[in-house]
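Undergrad: Given the sequences, and given the hints that come with them, work out the whole structure.
Chains as they are written, first to last, in the working numbering: chain A, 1 to 115; chain B, 1 to 114.
Worth flagging that the hints you see were computed from the coordinates, not collected in a lab. Take these hints with a grain of salt, some might be off.
What the hints assert, rightly or not - Taking lysine to aspartate or glutamate pairs in the DMTMM-like style, the calculated list, with each CA pair at most 25 Å apart, reads:
#  : chain 1 : residue 1 : chain 2 : residue 2
1  : B       : Lys70     : B       : Glu59
2  : A       : Lys3      : B       : Glu59
3  : A       : Lys38     : B       : Asp38
4  : B       : Lys70     : B       : Glu30
5  : B       : Lys14     : B       : Glu52
6  : B       : Lys70     : B       : Glu95
7  : A       : Lys3      : A       : Asp55
8  : B       : Lys70     : B       : Asp26
9  : A       : Lys38     : B       : Glu59
10 : B       : Lys14     : B       : Glu30
11 : A       : Lys3      : B       : Asp38
12 : A       : Lys16     : A       : Glu59
13 : A       : Lys38     : A       : Asp22
14 : A       : Lys3      : B       : Asp62
15 : A       : Lys38     : B       : Asp26
16 : B       : Lys57     : A       : Glu44
17 : A       : Lys38     : B       : Glu95
18 : B       : Lys57     : A       : Glu59
19 : B       : Lys14     : B       : Asp62
20 : B       : Lys57     : B       : Glu79
21 : A       : Lys3      : B       : Glu79
22 : B       : Lys57     : A       : Asp29
23 : B       : Lys71     : A       : Glu44
24 : B       : Lys9      : A       : Glu44
25 : B       : Lys70     : B       : Asp38
26 : A       : Lys38     : B       : Glu30
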Amino acid sequence: AQKVTQAQTEISVVEKEDVTLDCVYETRDTTYYLFWYKQPPSGELVFLIRRNSFDEQNEISGRYSWNFQKSTSSFNFTITASQVVDSAVYFCALSVRNAGNMLTFGGGTRLMVKP
Amino acid sequence: NAGVTQTPKFRVLKTGQSMTLLCAQDMNHEYMYWYRQDPGMGLRLIHYSVGEGTTAKGEVPDGYNVSRLKKQNFLLGLESAAPSQTSVYFCASREIAGAKNIQYFGAGTRLSVL
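TA: Now the structure itself:
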């Protein structure tokens, strides 16, 4: 069985601060995919990034960056110079090649960025 | 581009009533999913479909039924609603090709069962 843990249930920062959202996963599969989704106050789920288990390169997209470390089973997400518009719930998720590649979600981290 | 469309957006039911949630996607995706989101628990898979005419159970299937009569539509039914089914329901779809393997979600349906 797969498991995703987001230990930080809520984080509050002041605008322009950097913030890192932690994600730890468990799986026995050697082939798997990791995802981050954003859920703004409006409620929809917005895809941010996908990473497969064979690609440990870190990725940067604008103010967002992701650090994938298989040795610690972690896939952390950093927002640099946070903005009020970053306020949302962020979900980390994992899928493996069974059960239709279903997503196993963490409990989510609510990020509040204050002006 | 519409993407994944869910109807209705909100619904209030009384215990024992039935209803159907509709999910429609216009991306020609093979796979479709129904999840529920409860506070502090992330999303959990209810049922999924790997193609027209096929369905399978997910993590929390009890009390729900699904049908995939057309490729673009995936219906979630509650035959006899219970207060424990108060939740936000999300539909998602994805391509069959492994290179993408990204699920795209609808805007959600907020259901309250009194």
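Undergrad: Each hint: holds or not?
TA: Okay, the hints, checked on the actual structure:
1. B/Lys70 <-> B/Glu59: Given that 25 Å is the threshold and the Cα spacing comes to 24 Å, the pair holds.
2. A/Lys3 <-> B/Glu59: With Cα atoms ~13 Å apart, A/Lys3 and B/Glu59 stay inside 25 Å; holds.
3. A/Lys38 <-> B/Asp38: Judged against 25 Å, a Cα distance of about 16 Å means the pair holds.
4. B/Lys70 <-> B/Glu30: With a Cα-Cα distance of about 11 Å, the restraint between B/Lys70 and B/Glu30 holds, given a limit of 25 Å.
5. B/Lys14 <-> B/Glu52: 32 Å, violated
6. B/Lys70 <-> B/Glu95: 16 Å, holds
7. A/Lys3 <-> A/Asp55: 20 Å, holds
8. B/Lys70 <-> B/Asp26: 12 Å, holds
9. A/Lys38 <-> B/Glu59: Distance ~22 Å between A/Lys38 and B/Glu59 Cα, so the pair holds.
10. B/Lys14 <-> B/Glu30: 34 Å, violated
11. A/Lys3 <-> B/Asp38: Given pair A/Lys3, B/Asp38 holds - Cα atoms ~17 Å apart, limit 25 Å.
12. A/Lys16 <-> A/Glu59: The hint holds at about 20 Å.
13. A/Lys38 <-> A/Asp22: 14 Å, holds
14. A/Lys3 <-> B/Asp62: At roughly 21 Å apart (the allowed maximum being 25 Å), B/Asp62 and A/Lys3 satisfy the hint.
15. A/Lys38 <-> B/Asp26: Since the Cα atoms of A/Lys38 and B/Asp26 sit roughly 22 Å apart, the hinted pair holds (cutoff 25 Å).
16. B/Lys57 <-> A/Glu44: It holds: about 24 Å lies between the C-alpha atoms, which stays within 25 Å.
17. A/Lys38 <-> B/Glu95: This hinted pair holds, its Cα atoms lying about 20 Å apart.
18. B/Lys57 <-> A/Glu59: Given pair B/Lys57, A/Glu59 is violated - Cα atoms ~34 Å apart, limit 25 Å.
19. B/Lys14 <-> B/Asp62: 18 Å, holds
20. B/Lys57 <-> B/Glu79: 16 Å, holds
21. A/Lys3 <-> B/Glu79: 30 Å, violated
22. B/Lys57 <-> A/Asp29: Roughly 21 Å between the alpha carbons, so the hint for B/Lys57 and A/Asp29 holds.
23. B/Lys71 <-> A/Glu44: Given pair B/Lys71, A/Glu44 holds - Cα atoms ~23 Å apart, limit 25 Å.
24. B/Lys9 <-> A/Glu44: 11 Å, holds
25. B/Lys70 <-> B/Asp38: Cα-Cα ~29 Å, so violated.
26. A/Lys38 <-> B/Glu30: Since the Cα atoms of A/Lys38 and B/Glu30 sit roughly 24 Å apart, the hinted pair holds (cutoff 25 Å).
Figure legend: structure checked against the earlier numbered hints; hints not met, in rising order: 5, 10, 18, 21 and 25.
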